[in-house]
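**Student:** Sequence:
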Amino acid sequence: AATAAGYFLGNKVPPSWSLDFFVPLSFLALLVPGIRDRAAGLAAIVGATVAVAASGLPFNLGLFLAAACGIAAGYFCETRLASKKTRQGEN
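Numbering follows the working numbering, with no gaps: position 39 of the sequence shown is 39.
Think of the hints as simulated: they come from the structure by calculation, not from any bench.
Honestly, I wouldn't trust all of these hints.
What the hints assert, rightly or not - FRET-style restraints, in silico, Cβ to Cβ: (1) Leu63 / Arg87: 16 to 26 Å; (2) Ala82 / Pro15: 47 to 57 Å; (3) Gly89 / Arg38: 36 to 46 Å; (4) Gln88 / Pro15: 52 to 62 Å; (5) Ala40 / Leu63: 52 to 62 Å; (6) Ala82 / Leu19: 14 to 24 Å; (7) Leu30 / Arg87: 16 to 26 Å; (8) Asn60 / Gly6: 39 to 49 Å.
Ideal placement from N, C-alpha and C gives every residue a C-beta, glycine not left out.
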């Protein structure tokens, strides 16, 4: 389905757009199907936000910072959800 969409929508893209525009789109196409729960969604949102906010850091450190923050946010959300389920099971 994605290949067909790319085939038909590819002609609609203005020629002035460079191929650099399609790299993030390809990454999003791979990322979105992997978001299956709240923790993964939060990790993706936090990681993307930090990546944009820290894009000016030297040596692409913003990318590493974004990955670390996304992982931490996903882990925090996952452990909070697990502890909530445990507490609800005890009551």
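**Student:** Within 52 to 62 Å or not, the Cβ separation of Gln88 and Pro15?
**Tutor:** Given a distance of about 56 Å, which is inside 52 to 62 Å, the answer is holds.
**Student:** Measuring from beta carbon to beta carbon, are Ala82 and Leu19 in 14 to 24 Å?
**Tutor:** violated, 42 Å
**Student:** Take the C-beta atom of Ala40 and the C-beta atom of Leu63, compute their distance, and say whether it sits inside 52 to 62 Å.
**Tutor:** violated, 19 Å
**Student:** Could one say that the CB atoms of Gly89 and Arg38 fall in the range 36 to 46 Å?
**Tutor:** Since the Cβ atoms of Gly89 and Arg38 sit about 18 Å apart, the hinted range of 36 to 46 Å is violated.
**Student:** Mind checking the hinted window 47 to 57 Å against the Cβ distance between Ala82 and Pro15?
**Tutor:** holds, 50 Å
**Student:** Quick one: are Leu63 and Arg87 within 16 to 26 Å, going by C-beta?
**Tutor:** violated, 36 Å
**Student:** 16 to 26 Å was suggested as the range; check whether the CB atoms of Leu30 and Arg87 agree with it.
**Tutor:** Given range 16 to 26 Å: violated, Cβ gap about 36 Å.
**Student:** Does the hinted range 39 to 49 Å hold for Asn60 and Gly6 at CB?
**Tutor:** violated, 28 Å
Hints 1, 3, 5, 6, 7 and 8, counting from the list given before, are not met by this structure.
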